Amino acid sequence: MAKHILIVDDSKTVRNLVAFIMKKEGFKVTVAEDGLDGLEKLYAAGKVDLIISDINMPRMVGYTFIKTVREQEAHRDIPIVVLSTEGQEKDIQAGLNLGADMYMVKPAQPEKMLRNVKMLLG
Amino acid sequence: MDPEIYADFVIEAREHLDTIEPTLLELEQTPDNLSLLDEIFRPMHSLKGASGFLGLNRMNRLAHKGESVLDELRKGKMRVTSEIMDLILKTTDMLKEMIESLEEHGHGEGNIEALIVALEDLLYGAPVRLRF
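So the protein lines, in turn, are chains A and B.
Add 77 to a position in the first sequence, counting from 1, and you land on the number used in this note's numbering.
Add 38 to a position in the second sequence, counting from 1, and you land on the number used in this note's numbering.
Please keep in mind that the hints were generated in silico from the structure rather than gathered at the bench.
None of these values were measured; they are calculated from a predicted model.
Careful: at least some of the hints might be erroneous.
[To be verified] Distance condition first, Cα-Cα at most 25 Å in a straight line; then the derived SDA-like pairs of lysine to any residue:
id	chain 1	residue 1	chain 2	residue 2
1	A	89	B	106
2	A	89	B	102
3	A	101	B	46
4	A	118	A	149
5	A	100	B	45
6	A	167	B	46
7	B	113	B	135
8	B	134	A	87
9	A	101	A	135
10	A	189	A	178
Given only the sequences and the hints, what does the whole structure look like? Please build it.
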């Protein structure tokens, strides 16, 4: 069965492009427009295999979203990739400390994104 | 790449640009309201991000300069003047033109050099040389 990826970003352009890249690889994709929507879509799906999340989003920022996901037994081990414009050391550390497995700074190269996703999916 | 991605980008970009002008007008009335600057910074930042993601480098470059100036303004490092607001407005207008060019011709063309120079002048503390 195809692996299911959840993409959380408030930019439709980013959601579209990342979804396009992932779908082309054969992954199933669900998109969400902020952290709150991300949680709703995650619960609706029951389970996903990987999450790609932005940080700066309205209603619920990426940090809160990741923290909330990690607090749940069922989702503790889902690989999470942060995809954010904030690329300073403190931002990367914050993301990783909250439980992200990887931090990518925008704009990220599609090939690199794909390689990282495939690596995390094992 | 799926052409629909560009079509959606055009819509998103216009949404961002459409919020900037009315907020600039509001700022003219209340130039000390720094939170309005946040409301101009955010769409410019999002536009920079989205255009960069799609490899629309000229648009990204111009939006980036605009964002840098707005960042200085919202942090209180630069004072809001009518010349600066006019420059931000011109930047927004140019970005709108580039979006239209993208929609009509498939590439976001625009003569951005004069604007880039003027924005850089601001960032490096020189008086604004508006040569239009």
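Structure-based check of each hint:
For a cut-off of 25 Å, the pair hint linking residue 89/A to residue 106/B stands: about 23 Å separates their Cα positions. The suggested pairing of residue 89/A with residue 102/B holds, with an alpha-carbon distance near 19 Å, which does not exceed 25 Å. Of the supplied pair hints, the one linking residue 101/A and residue 46/B holds, its CA atoms being roughly 19 Å apart against a limit of 25 Å. Distance check on the hinted pair: residue 118/A and residue 149/A sit about 15 Å apart at the alpha-carbon level, within 25 Å; holds.
Restraint check for residue 100/A and residue 45/B: satisfied, since their Cα atoms lie roughly 19 Å apart, inside the 25 Å limit. At roughly 33 Å between alpha-carbon atoms, residue 167/A and residue 46/B are farther apart than 25 Å, so this suggested pair is violated. Straight-line distance between C-alpha atoms of residue 113/B and residue 135/B comes to about 29 Å, which puts the hinted pair past the 25 Å bound. Distance hint between residue 134/B and residue 87/A is fulfilled; the C-alpha atoms sit about 21 Å from each other, no more than 25 Å.
Simply put, residue 101/A and residue 135/A have alpha-carbon atoms about 29 Å apart, too far for the 25 Å limit, and the pair is violated. In summary, the hint linking residue 189/A to residue 178/A is supported, as the alpha carbons are separated by about 15 Å, within the 25 Å threshold.
Of the hints listed earlier, those the structure fails to meet are numbers 6, 7 and 9, in rising order.
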